[in-house]
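Chemist: Chains as they are written, first to last, in my numbering: chain R, 1 to 457; chain G, 1001 to 1527; chain F, 2001 to 2123.
I should point out that these hints are in silico values taken from the structure, not numbers from a laboratory. Note that this is a predicted model, so its numbers are computed, not measured. Glycine residues also receive a C-beta, built at the ideal position from the N, C-alpha and C atoms. Hints may be right or wrong, so weigh each one.
[To be verified] Computed far set for chain G versus chain F, every beta-carbon distance over 12 Å:
(1) S1030
(2) E1081
(3) L1100
(4) T1220
(5) E1320
(6) P1407
(7) D1505
(8) E1506
(9) A1509
[To be verified] Straight line, CA to CA, 25 Å or less: simulated BS3-like cross-link-like pairs of lysine-lysine:
(10) F:K2117 - R:K153
(11) R:K155 - R:K57
(12) G:K1333 - R:K33
(13) R:K33 - G:K1423
(14) F:K2098 - R:K153
(15) G:K1468 - R:K62
(16) G:K1258 - R:K62
(17) R:K307 - R:K230
(18) R:K288 - R:K351
(19) R:K57 - G:K1258
(20) G:K1154 - G:K1050
(21) G:K1154 - G:K1423
(22) G:K1468 - R:K17
(23) R:K154 - R:K57
(24) R:K17 - G:K1423
(25) R:K154 - R:K33
Each chain, written out:
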Amino acid sequence: MRYLPLSDQDRGQMLAKIGVQSIDDLFIDVPEKARLSGTIHDLPNRASEMAVERHFKALAAKNIVAGEVPFFIGAGAYRHHVPASVDHIIQRGEFLTAYTPYQPEIAQGTLQMLFEFQTQVARMLGTDVANASMYDGSTACWEAISMARRITKKKKAILSSRVHPHYVSVAKTMARFTGDMVETSLPTLDRVADIERELLESIDDDTSCVVVQYPDILGNINDLTKIAHKAQQHKALLIAVVTEPVAMGAIKSPGEMGADIVVGEGQSIGVGLQFGGPYVGLFGCKAKYVRQMPGRLCGETVDADGKRGFVLTLSTREQHIRRDKATSNICTNSGLCALAFSVHMTLLGEKGLRDLAMVNHTKAVKAADRLTSIEGVEMVTGNFFNEFTLKLPTDARAIVQLLADQHILGGVSLGRLYPDSDGLDNGLVVAVTETVLDEDIETFANALEAIMSGDLS
Amino acid sequence: MNQRDLNQGRPSRIEGDIRATNDHKYSTYSGNKALMLEEPLIFEAGSLDKSGVDIDVITPDINRLGGLERNQTIGLPGLSESETVRHYTRLSRQNYAIDLGLFPLGSCTMKHNPRLNEKMARIAGFADIHPMQPISTVQGALELIDELAHWLKKLTGMPAVAMSPKAGAHGELCGILAIRAALEARGDAREVILVPESAHGTNPATAAFAGYRVEEIPATEGGRVDVAALEERLGPDVAGVMITNPNTCGLFEPDMRKISDLVHAAGGLVYCDGANFNAIVGRVRPGDLGIDAMHINLHKTFSTPHGGGGPGSGPVVLSEALAPYAPLPFVTKSKDYFTLIEEEQSTAVAGDTFGRMTAFHGQMGMFTRALSYIMSHGADGLKQVSEDAVLNANYILRSMDDVLDAPFGHSGPCMHEALFSDKGLADGFSTIDISKGLIDEGYHPMTMYFPLVVHGAMLVEPTETESKDAVDAFIGSFRNVVQKAIDGDNNLLQAPHFAPRARLDETSAARRPILVWNEPETAQAAE
Amino acid sequence: MIRYYTEDHEWIEVENDEATVGITDYAQGQLGDVVFVETPAAETILAKGDDAAVVESVKAASDVYAPVSGEVTDGNEALVDDPALVNNDPEGEGWFFKMKLTDTSELTALMDEDGYKEFIADL
């Protein structure tokens, strides 16, 4: 077998050194009944590279590739162009096949990269500090809620109706077991809905945190200053969730508007869509809360020769030391995705990020204007970055499917995101990034028009 | 304070003052030493107007940002592509990696990462599909998840698997939440999870997170779960046990089946930590030992890359008793069409699910890699994997036990990792010195100071992807370093001598944490 | 003033019903360099054995338990800025908190200095 270097002769010599007759003698602790005599039946034996490749290509051919069709899907994961050098760097064996940098003398590459990543993330989100990454945005969001409970010693989290429903769902699942209270409601397609007032009114002295998404699930961007202020008055924390970090090149960061903790999904910079994972959770907060932060942290120090170096630090918060009193049970970060994020961010730089953000916004404005020019299509979103929500005259799920049948991936229906809410069925969330061509917008709009003029309603 | 907290002994500060650096008489202007290259931070090297990406800037006529434009400088320096590639390439050379040599990190299973897996994960049909695409456009992706699920169920002998957990600890959480949901469903509020004292820290952290009180069960002299003590403690308040098998001492728990039966008889459920599955894959099915849930670290047993600390992936196999409580979403198949069960169908199809653990469907990029690895090996190859992993570990155990104390070595073979203690080293020498000495020998050290039940523990896991020559070379180095520690060679106390950095001052790092870079002026002003 | 010791490596110095609590020299030596200390706020009511404070070194984090029951009157603020005090002067400047005892009879279960010395000699 190509990955197994021992020969039968090697095995024989090694068994002799150990002083046993056969390999079975090394498995004597396994009770007789649990030992398998041969190979597990019903499973095929080894396969060549060529055979594996053939099989994978056959499976892949059954999927529609985002990059090969007009593509407008967002809702928490965004398709951006990733420069070729990003993938080259993350495939270097010294990054790809390294372990968590617990031996800092021979892991400065990973550690310095993490220190750079933490700085980039903190600056983007507008926070004092950031950690070395989390599993993804949704788990980072829950960890933030849980951190707010530890800081405020209160258990009621208020989630805006426009936080990604999957994030809400993760929080509700976890809260059920930890005894936290999660208050939230469903969004509406009413353009003038004043969710800020609703949120402000719901904050009280029992509130541990208010969670808002920015830009939100419908694409809206709103000033967070008032909410931050009200939260502070009631000794609650403001947690902002960013699922599209490219937006940070165009709009104020949540930290600038007073958020105490900012979490995000970093996938959109450097990490591909990959059908949902692996992604990279971003987590930043005010410096005073750093000891309550979950996840790994990399810090600067010096070595015995006085040279600058980096180490994992404040690890007593973590499970391997704190065990049942750890801030979180998390044992890993998303190192390689953090590297991809950081390399892409370095390639962009401030100028590139700002330019990229404006291209996204401009294309989104163009698409919004074209799509709302279709009779019966209404704009739900107010101000937006690169994503907005349309109200169609009929159930958007059916329309999305008909578009997909024509190989147009035309957004995410709110019916899929909010299956239990009839009032949202006609909503369609559309994302537009730099990868969208003008003709894609035209193809999408024309197809939508054709479908709507048919007798679908 | 608990005595155990005090016994974790690991020096964290450089002894004495900063050491004299004149042991290298010849110095360079750059600070480099030939191929050992120093590299500044991007914040020191880059600039705000530099970019390695060409973007056709469009200036919009109007924007719809509602006056929320980000006007302040963000502070993100950029580099050209050539500088970027060089920056990260130079950084990469300061890392140890499996591609460079044997990586004997016990309980972490650092095996070779085949490049075919990388190639398969990058096929556009898997890498470039969105998690919210219509189900009809991702049939191949769902089929792949289903196929991997089939392998995992067969290899473990379990009827169901939850694929979405993002890493091992996330998988543990999934298993424990399923246990709690199942107990709650039968109206049985239990409060305690029993965990062996040798367990990995994630076990008690997970149980506590799920709202359970954690109680420890002692180990026997032989390093196994004390079954009598466990039986004694079982009762109506015990929700279940979390047991690692093979355990963290590198030993198989021969009484696992009995433990499962006892726990079940007392109304509890059995969680098995599958971190060490590599020792038994293809030879033993955990399902035959009566367990109810076990996570599988795809990044260990199934060779998806560790990537310098993630991403991982931790699918959880479940028994009939726990399967109904599996988290959303999951894949089902009817005729030849695959469906993703999300919240919408949940009440009808998965009424008992405990909920959702992550935004999307799990670590697809890890599923492709793991399946590529599993298919490459097949049922016969995987059996050979565990045999060779166990063979290599026992070979190291027997090649070292004349110079190093192997606390459980006398009682029989180990599984895929060999455990040693620091007994017998010269005064003032400990495990950390052996670790740092191995760095100078060109190796990543073994796992040190874990498990906590062994003083100065050294846990060595060679894995099956090392040749006999590679293992022999490692043994040579390991013996050399151990001998220095026995002889009291003071040079060892300052090791590593040849790494890009000498021992680092973790104490200062923790007392005054510097977690982000600040411009030097600002840093001084804050003094 | 009488000084008592616990098996959890805390010392408690008592004068009438007022006491000062800290961790022993042995404990700080085992912990290594202390990097962070969290002390209880005044007016915290503690039952004997409750988690009262947290002490962290690079490699370990440990709870400090209330050796006896009582109400906290003061936490040592100096430790927040200079946790090294615990290493440098564990049984003096490095004290953790002061408390008013509710039941001085609980003290009888504790060790005196000689008893503690014997206790750690056996570890």
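Chemist: If a hint holds in the structure, say so; if it doesn't, say that too.
Modeler: Cross-check of the supplied hints:
no. : hint              : result
1   : S1030             : holds, 32 Å
2   : E1081             : holds, 39 Å
3   : L1100             : holds, 28 Å
4   : T1220             : holds, 22 Å
5   : E1320             : holds, 40 Å
6   : P1407             : holds, 19 Å
7   : D1505             : violated, 10 Å
8   : E1506             : violated, 5 Å
9   : A1509             : violated, 8 Å
10  : F:K2117 - R:K153  : violated, 40 Å
11  : R:K155 - R:K57    : violated, 49 Å
12  : G:K1333 - R:K33   : violated, 33 Å
13  : R:K33 - G:K1423   : violated, 37 Å
14  : F:K2098 - R:K153  : holds, 24 Å
15  : G:K1468 - R:K62   : violated, 43 Å
16  : G:K1258 - R:K62   : violated, 46 Å
17  : R:K307 - R:K230   : violated, 46 Å
18  : R:K288 - R:K351   : violated, 31 Å
19  : R:K57 - G:K1258   : violated, 45 Å
20  : G:K1154 - G:K1050 : violated, 53 Å
21  : G:K1154 - G:K1423 : violated, 42 Å
22  : G:K1468 - R:K17   : holds, 12 Å
23  : R:K154 - R:K57    : violated, 52 Å
24  : R:K17 - G:K1423   : holds, 24 Å
25  : R:K154 - R:K33    : violated, 52 Å
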